[in-house]
Amino acid sequence: MDHATIAWISDNRPDLPPDTRLVLRPQSKELLAHGGLPTRWWADSRLYTSLHGVRHAMRTAALAAVLAEANDLDDADAATAILAAAVHDCQRCHDQDDRGHGARAAIWLAANAGTVWGHFGLAATPRRIVQAATAVRLHDIPYEAFTADDKSDHARAEHITDVVKAADALDRYRLPKLKWWPDARYVREPAFDRLRGLAFDLVLVSERAYLAGAGGTAAVRYALAEKGLV
Amino acid sequence: MAVEIEMRARFTKEVHDQLVTRLKADGEDLGPDDKHIYFYVLPDQLLKVTNNTTASTAKITLKGSKIGQGAAFAETEFAIAPADVPAAVKVFNALGFETAMHEAFNFRHNFRLDDVEIAVKWSEAWGYHAEFEVLLEDGASDAARAEAEAKITDVATALGVSLMTEQELADFTAAFEAAEKERKERKQQAAPIR
Chain A
1 MDHATIAWIS DNRPDLPPDT RLVLRPQSKE LLAHGGLPTR WWADSRLYTS
51 LHGVRHAMRT AALAAVLAEA NDLDDADAAT AILAAAVHDC QRCHDQDDRG
101 HGARAAIWLA ANAGTVWGHF GLAATPRRIV QAATAVRLHD IPYEAFTADD
151 KSDHARAEHI TDVVKAADAL DRYRLPKLKW WPDARYVREP AFDRLRGLAF
201 DLVLVSERAY LAGAGGTAAV RYALAEKGLV
Chain B
1 MAVEIEMRAR FTKEVHDQLV TRLKADGEDL GPDDKHIYFY VLPDQLLKVT
51 NNTTASTAKI TLKGSKIGQG AAFAETEFAI APADVPAAVK VFNALGFETA
101 MHEAFNFRHN FRLDDVEIAV KWSEAWGYHA EFEVLLEDGA SDAARAEAEA
151 KITDVATALG VSLMTEQELA DFTAAFEAAE KERKERKQQA APIR
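Listed in order, the protein sequences are those of chains A and B.
Its first residue numbered 1, the first sequence is counted upward by one per residue in the working numbering.
Its first residue numbered 1, the second sequence is counted upward by one per residue in the working numbering.
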């Protein structure tokens, strides 16, 4: 992202509701502190700093943590949602309409479960792996396009999947067209609209920090600190 | 070799915001001064390669003591071109210092109040923090050093900020170094990605 794009995003700030003061549980803060994701997790290392790279991954993980609070998810489900959000785009081949990248990331996550859960200081259990992989697989499939198998999978990890899809959608303020910005019609999340202000600010603060010279991880952690999330 | 009297404080976002508001009202605003720093924690010294990203300058600094070993830092530094920062890091790493190297980006805003320079900062390791500094001439007397420390303490107190003790600084930096060591070891032991 360049200075002109950030200025354009800032200039087009919608009339957003004021930030709701949200406090993350200690476990979520700890997981976000582990969110400096290794470059080698990305299928194409050139995408690590791109539109679907580490900054998007960390913001999506943070928004999943906030949505987990808004939806009263228990600790296990909150952790699974944060982890799935962090890796949901890591197997993209490019930044355009990369069909099937969710399915590829789900397979990658299952194959590397020990490494990924270990990175976050968590134990990978079969149930958590299935739930996270399901959320990752379904994140790029619109609800209305779900097949019978998708619906069946979704039912087994409904809250986690809905949180990951909504968190991913909230980070769309980074995209350079208004028609691509977050739209509640495409998600199933009651708290979606009241988190728009936070999502917008996370994009603006972290992208400005990145352009100022901070690395992707430091840029997002700074934005999280500025918004009182860590 | 100039002598810096440096004292530090860590605080919450709320205290940070109150401090900046106060400094903007009562102090002199010297502007933003973000830095990307490569620092080498040596047994009794601190070596730094600093890219002053806001100022578009760079420098190499050798400090005569580590954080947590007293407030007085004898300091030698010289300017380099920002474009030479990667080469400088490469040289120090090749000289065997790579395992002692840490890297950090500092979001920083400088102020001056009552002849004390105050850098209000955020970094991943320290979170929100501030560095209070008075620069003394070569061979400054013990009395001058004590006076500078007292001045910094007075300014910090007036601003409602609690300075860290030398023991707190030593404990904090030791914990950071241990966590970094563990992180690097974990990275080396990480299983290959399939």
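If you are wondering where the hints come from, they were derived from the structure by calculation, not from laboratory data.
There could be a bad hint or two in this list.
To be verified - With a Cα cut of at most 25 Å, we get these calculated DSS-like pairs of lysine-lysine: (1) B/Lys24 <-> A/Lys227; (2) A/Lys29 <-> A/Lys227; (3) B/Lys90 <-> A/Lys29; (4) B/Lys90 <-> B/Lys184; (5) B/Lys59 <-> A/Lys29.
Here is what the structure says about each hint:
no.	hint	result
1	B/Lys24 <-> A/Lys227	holds (21 Å)
2	A/Lys29 <-> A/Lys227	holds (13 Å)
3	B/Lys90 <-> A/Lys29	violated (34 Å)
4	B/Lys90 <-> B/Lys184	holds (18 Å)
5	B/Lys59 <-> A/Lys29	violated (35 Å)
Checked against the numbered hints above, the structure violates hints 3 and 5; every other hint is satisfied.
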